[in-house]
Amino acid sequence: MKKIFFFLTVLLVAAACSKSGNNIDVKRGISITDGRMLPAGKGMNSGAFLKIKNNGNEADTLLGAEFTDAYSVQIHKSFLLEDGRRGMEEIKKLPIPPGETVELKPMSYHIMLIRLKENAVSGEEKELTLVFGKAGKIKTRVSVD
Amino acid sequence: MKLKALAITAIIFAASACIREFPIDDDWSNTKFELLNQDSSLVIFPQILEGKIGVVGYIYTNCPDICPLTTNNMARIEAKLKEKGIDNVQFVTISFDPEFDTPSVLKKYAEVRRLDLSNWTFLTGEREEIKRLLKTAGVVAAVSDSTTFDNKQKINYYLHTDRISLFDKNYHLRKNYYGSTIIIDEIISDIERISEE
Chain D
1 MKKIFFFLTV LLVAAACSKS GNNIDVKRGI SITDGRMLPA GKGMNSGAFL KIKNNGNEAD
61 TLLGAEFTDA YSVQIHKSFL LEDGRRGMEE IKKLPIPPGE TVELKPMSYH IMLIRLKENA
121 VSGEEKELTL VFGKAGKIKT RVSVD
Chain X
1 MKLKALAITA IIFAASACIR EFPIDDDWSN TKFELLNQDS SLVIFPQILE GKIGVVGYIY
61 TNCPDICPLT TNNMARIEAK LKEKGIDNVQ FVTISFDPEF DTPSVLKKYA EVRRLDLSNW
121 TFLTGEREEI KRLLKTAGVV AAVSDSTTFD NKQKINYYLH TDRISLFDKN YHLRKNYYGS
181 TIIIDEIISD IERISEE
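Protein sequences, first through last, are from chains D and X.
For the first sequence, the residue numbers in this note's numbering are 1 to 145.
For the second sequence, the residue numbers in this note's numbering are 1 to 197.
Worth flagging that the hints you see were computed from the coordinates, not collected in a lab.
The reader is advised that the hints may include incorrect statements.
[Unchecked claim] In silico EDC-like pairs for lysine to aspartate or glutamate, Cα to Cα no more than 20 Å straight-line:
id	chain 1	residue 1	chain 2	residue 2
1	D	LYS42	X	GLU111
2	X	LYS108	D	GLU90
3	D	LYS42	X	ASP39
4	D	LYS117	X	ASP39
5	X	LYS107	D	ASP83
6	D	LYS137	D	GLU58
7	D	LYS117	X	GLU111
8	X	LYS135	D	ASP83
9	X	LYS154	D	GLU124
10	X	LYS107	D	ASP145
11	D	LYS77	X	ASP145
12	X	LYS154	D	ASP83
13	X	LYS154	D	ASP69
14	X	LYS108	D	ASP69
15	D	LYS92	X	GLU99
16	D	LYS42	X	GLU78
17	X	LYS108	D	ASP145
18	X	LYS175	D	GLU125
19	X	LYS154	D	GLU118
20	D	LYS93	X	ASP145
21	X	LYS108	D	GLU124
22	X	LYS108	D	GLU125
23	D	LYS42	X	ASP150
24	D	LYS51	D	ASP34
Produce the complete structure using the sequences and hints provided.
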C-alpha cells in the first residue's frame, strides 16, 4: 500500500513538473501561456506571440526578452494608418496591469526576434525568457508555427 | 399596374446582371517585369501566370505579422483549392525588399514554412524593377525604421500595403484584398467565378 502511495506521489510530481509547448509558466503572480513564434531562416527576423496574465495585485511591466538564437530582441507594436498601410515600431516597455491579461499577437504587440542565428522550422520548440520589472526573468517555451 | 410589374421586373433583371458582373480592375497584359524566382531563374511577371488564374501576395521576409499572415492565408487558399480539385491557379509572392530578400532568402522563407511550391513562385529583382511593379500594382512600401548591426548589415522595417491580388487567365487584375485578413471563402468563390469565364 505504501509502495503504491509512493509511486502515485512520484507520478503526480512528475506530471506537475512536465513541460509542454503551451504550459503555464508562473512566477510572482505572472503567468505566461500560448507561446508561439513564426518560422524563419538563419539570418532572418521572426516574431513571438504569447499571453501574459498578471494574477497579482500590483502592476508589472514587460521590459524586454532574451532569446539565445537571435542577435537581439525587441518589443514591438504594429499599427495601421488611415490609408491602409501597416507598420511597426519598437516600444521600451509594456505595462501589465493587475488582474489583466495582455496578449502579444500579430498586428499588435509582439516580440521581435532579430537576425536568427539558427533556422526556426515549423514544428520545433524554442526557449524564450521574458524580463519583467517586478517578477524578474521568466522562461517559457514557444512552438514554431 | 402593368407598368409597375414591368418596372419591378426590369430592376430585378438589372440587379441580377450587376451581381453576376465581375469587372476588370486593371489590364496587365501589356506589362512586363523581369524578376528572379527563388531558384535565381529569370521570370517575367505576369507572363509567368501562363494562362492560369493568379493569386499574388506582396511581402518582405523580415515582417513579423502582416506578411506571415498573408503567406499563411495564401497557403490556406492553396489547400482549399486542392480540396476542391481546382488546379488552374498559380501563386506568386513578390518581395518589396529586394536588397535583403535575395532568391536564396526567399527559398529559405518558403522552406521553413514547409510550403508547397509546385504551383507557387517567390519573386525578387532589381530595386528599380520592383519599384516599377509596385507602382503599377498600387502597392506602397517605404522604410520606416531599421536595425544596424556591428558588421554594418542593416535590416529594414517597412510601412506597407497589406495586399493579395487576384488575376484572371488574361493577365487582368480583377480584385485586391487585405492579405492578412482575407476571407478565404470569398476569394475561393471569386476564383470559381472567373474559372467559368
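- Message: Check the hint pairing X:LYS135 with D:ASP83 against an upper bound of 20 Å on the C-alpha distance.
- Response: With Cα atoms ~16 Å apart, X:LYS135 and D:ASP83 stay inside 20 Å; holds.
- X:LYS175 and D:GLU125: Cα distance at most 20 Å? 38 Å, violated
- Query: Straight-line Cα separation of X:LYS107 and D:ASP83 no greater than 20 Å?
  - Reply: 31 Å, violated
- Query: If you draw a straight line from the CA of D:LYS92 to the CA of X:GLU99, is it 20 Å or shorter?
  - Reply: With a Cα-Cα distance of about 28 Å, the restraint between D:LYS92 and X:GLU99 is violated, given a limit of 20 Å.
- Message: Holds or violated: X:LYS154 and D:ASP83, Cα atoms, limit 20 Å.
- Response: 27 Å, violated
- Query: Holds or violated: D:LYS42 with X:ASP150, Cα cutoff 20 Å?
  - Reply: 17 Å, holds
- Hey, X:LYS154 versus D:GLU118, does the alpha-carbon distance stay inside 20 Å? Between X:LYS154 and D:GLU118 the Cα gap is close to 18 Å, so the pair holds against 20 Å.
- Message: Hinted pair, alpha-carbon criterion (20 Å max): D:LYS51, D:ASP34. Please report holds or violated.
- Response: 6 Å, holds
- Measure nothing beyond the straight line between the CA atoms of D:LYS42 and X:GLU111; if it is 20 Å or shorter, mark the hint as holding. Holds - the C-alpha atoms of X:GLU111 and D:LYS42 are around 12 Å apart, at most 20 Å.
- Does the alpha-carbon distance linking X:LYS154 and D:ASP69 stay inside the 20 Å limit? 18 Å, holds
- Given pair status - D:GLU125, X:LYS108, alpha carbons within 20 Å: Between X:LYS108 and D:GLU125 the Cα gap is close to 19 Å, so the pair holds against 20 Å.
- Item | Proposed proximity, D:GLU58 with D:LYS137 (alpha carbon, max 20 Å) | 17 Å, holds
Hints 2, 4, 5, 9, 12, 15, 16, 18, counting from the list given before, are not met by this structure.
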